[in-house]
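Asker: In the order they appear, the protein sequences are chains Z and B. Going left to right, the first sequence walks through residues 1 to 357 as full-length UniProt numbering numbers them. Going left to right, the second sequence walks through residues 1 to 321 as full-length UniProt numbering numbers them.
Don't read these hints as lab results, they were simulated from the structure. The model shown is predicted, which means the values in this text are computed figures rather than measured ones. The hints are all genuine.
Computed, partial: chain Z to chain B, Cβ under 7 Å:
(1) Asn79
(2) Arg83
(3) Thr85
(4) Ser91
(5) Thr92
(6) Asn94
(7) Pro95
(8) Ala96
In this text, a Cβ means the ideal position worked out from N, Cα and C, and glycines have one as well.
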Amino acid sequence: MASGQPFPLNAWYPAAWSHEVQPALLPRTLCGRDIVLYRRPNGGVAALEDACWHRLLPLSMGRLAGDEVVCGYHGLVFNASGRCTHMPAQSTINPAACVRAYPAVERHRLVWVWPGDPALADESAMPDFHWNDGTEWRGEGGAFTSLKCDWRLVVDNLMDLTHETYVHSGSIGHDAILDAPFEVTHTDRTATMTRWMIDIDAPPFWGRLLGKPGRVDRWQIVTFQAPAVVVGDVGVAPTGTGARAGDRSQGVNGAFLAAIAPETETSCHYFWNFVRTFRVDDDQLTDSLRRGHVDEGRGVYDQDHVVLEAQQRAIARNPRTPFYNLNIDAGALWARRLIDRLVAREQATRAPGQAAE
Amino acid sequence: MAEAIDRVGFVRATRTLTPTIRLIEIEPVDGFVAPTPGSHLDVSVMIGDRPDVRSYSVVGPCADGAYRIAVKRLEASRGGSAYMWSLAPGSRLAHSAPGNHFGLTLGRPDYLLLAGGIGVTPIFSHALALQRAGARFRLVYACRSRSDLALADELRGEIGDRLEIVIGEERGRVDVAGEIARLDADGEVYVCGPIGMLETARRAWAESGRPPDRLRFETFGASGRWPAVPFALKIPRLGKEIHVPATQSLLDALEAAGVEMIADCRRGECGLCALPILGLNGVVDHRDVFFSDAEKAANAKLCTCVSRVYGSEITLDTPDR
Numbered sequence: 001m002a003s004g005q006p007f008p009l010n011a012w013y014p015a016a017w018s019h020e021v022q023p024a025l026l027p028r029t030l031c032g033r034d035i036v037l038y039r040r041p042n043g044g045v046a047a048l049e050d051a052c053w054h055r056l057l058p059l060s061m062g063r064l065a066g067d068e069v070v071c072g073y074h075g076l077v078f079n080a081s082g083r084c085t086h087m088p089a090q091s092t093i094n095p096a097a098c099v100r101a102y103p104a105v106e107r108h109r110l111v112w113v114w115p116g117d118p119a120l121a122d123e124s125a126m127p128d129f130h131w132n133d134g135t136e137w138r139g140e141g142g143a144f145t146s147l148k149c150d151w152r153l154v155v156d157n158l159m160d161l162t163h164e165t166y167v168h169s170g171s172i173g174h175d176a177i178l179d180a181p182f183e184v185t186h187t188d189r190t191a192t193m194t195r196w197m198i199d200i201d202a203p204p205f206w207g208r209l210l211g212k213p214g215r216v217d218r219w220q221i222v223t224f225q226a227p228a229v230v231v232g233d234v235g236v237a238p239t240g241t242g243a244r245a246g247d248r249s250q251g252v253n254g255a256f257l258a259a260i261a262p263e264t265e266t267s268c269h270y271f272w273n274f275v276r277t278f279r280v281d282d283d284q285l286t287d288s289l290r291r292g293h294v295d296e297g298r299g300v301y302d303q304d305h306v307v308l309e310a311q312q313r314a315i316a317r318n319p320r321t322p323f324y325n326l327n328i329d330a331g332a333l334w335a336r337r338l339i340d341r342l343v344a345r346e347q348a349t350r351a352p353g354q355a356a357e
Numbered sequence: 001m002a003e004a005i006d007r008v009g010f011v012r013a014t015r016t017l018t019p020t021i022r023l024i025e026i027e028p029v030d031g032f033v034a035p036t037p038g039s040h041l042d043v044s045v046m047i048g049d050r051p052d053v054r055s056y057s058v059v060g061p062c063a064d065g066a067y068r069i070a071v072k073r074l075e076a077s078r079g080g081s082a083y084m085w086s087l088a089p090g091s092r093l094a095h096s097a098p099g100n101h102f103g104l105t106l107g108r109p110d111y112l113l114l115a116g117g118i119g120v121t122p123i124f125s126h127a128l129a130l131q132r133a134g135a136r137f138r139l140v141y142a143c144r145s146r147s148d149l150a151l152a153d154e155l156r157g158e159i160g161d162r163l164e165i166v167i168g169e170e171r172g173r174v175d176v177a178g179e180i181a182r183l184d185a186d187g188e189v190y191v192c193g194p195i196g197m198l199e200t201a202r203r204a205w206a207e208s209g210r211p212p213d214r215l216r217f218e219t220f221g222a223s224g225r226w227p228a229v230p231f232a233l234k235i236p237r238l239g240k241e242i243h244v245p246a247t248q249s250l251l252d253a254l255e256a257a258g259v260e261m262i263a264d265c266r267r268g269e270c271g272l273c274a275l276p277i278l279g280l281n282g283v284v285d286h287r288d289v290f291f292s293d294a295e296k297a298a299n300a301k302l303c304t305c306v307s308r309v310y311g312s313e314i315t316l317d318t319p320d321r
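Using the sequences and the hints, build the whole thing.
Answerer: What follows is the structure in structure tokens.
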């Protein structure tokens, strides 16, 4: 692991679900930077440093006045560019008075923020998260904000689904996961774990969704896009119907979606969804799938949540070099390699003060 | 607010750009923090046997890991520029990490950069950054005479025809209102230059009805409408009469005479060091950007960090009770 912060700053990170950003002040910390988000009258999203230039009170404790934020302490006003437009008790404005404005873009029903050098913010570097658009794939997810673990633990969790057998037994877990061979591949920006389980008994969750008797072929094709996105193409089809060869028409196909942002070095925000291409208009199914994932502690992601936070607490109490690795960790290790590489590249070319800013 | 002077560097090279402007390359010992466009370094200077702090804009992105600053030698210098000019390769210099009060915001449809004299130093960095970002912009660079031009060849090489040079002796003043009129409605202006240029720009901008926050400017408070002359300062409340030499600021003179002052930015922006004017023999050369035109005309107060008297005497009050 490169020294210093465990995340690159010059990247798009998810900051909020689009629907969370209203004409109201929404504080959120990303990569250790306190940011306040709000919906602008023109429909855009503003993302400002959440600390007044004057005395550092969080601007999120102030109020929104149209397209400007009024500090709740002395009434300094900042516009969506972070420039001060009003100072109390003087008729001019100190030209140095600014708060940082972070590049923010809304895409795939999420708001993405670039915490690093704004000059490098490149919309073409946005991760592909189109499964979340609410069009071809359907599903309504949620978010764990301020999850108390290093964001990379979430990546680890999703890149190795062996854990399903133990953490999620009774729903998606299955001993077959342990027996099936898997393959890990990578590009310079992605890592992919592929596992096919051929001719197995359907695990309860998938058996219900498939609604057909008999044994199945099950797939898990999980792709990490550095640094912040994991998409898992998952599903089952009746065995022998050619799913592995490319014909999934007899099966059911879902995708678990994760966009993860470091909040601090030991906490993160995890925006998740589970979407599908079958029974897309079945709102009851949409609802039950959401509750299957998060339901006041009973969903599968609630189970992960407990594990991840407990793992972070244990890491804090066990200062040995992070972990020992097993062969099942190859996907996670490739993902971490790609993250480390982004961090190292950023530190090598550490440009203008922004690196530390 | 000043940055912490917590780093040390050594002068690697100096280069004289004009008879009065010298480029100084500083190789940092404590690690390099690359400056954002518009950044400055605070450096520790010696004025006689007394340490003081001066700010100089960083020139360009400094991609090789050495800070470049340009220092204009001022006739009426308080001593900082003379000290900086005394540095030679190998000289040690305590300095801050780069700070930035004049940051560049990318993503606007159009930009006008206005530089006057030594004010070209931060604007140089802005121009290079805009060029690199592929932005639409123009740079108007005004100088009194051709021999005062610094970095003009480098600018021409980097940004070509986007640079327009206006030599005062040859073409008179920049048509600021005309330049603003040419700018896209959502464009921004960045100005660094003498107070006269700043005030012209502020007035023209206000008259154009454009949003005030899109006029960005920085001033070092170094230049005024009138030359710096010595004058007498009277403070009846304290029974003091202080001589203010041409090379010392009012604020420095007050502090040197044991008058306790509160000051912060020391470049005419925050207004903390302003004192009430009780009497005047001469005119007040308001060099700050804190007071409005109307307030300056009323002459009720002045910012002691940068403003001066062109005349023989001023009488001020202090907050002592």
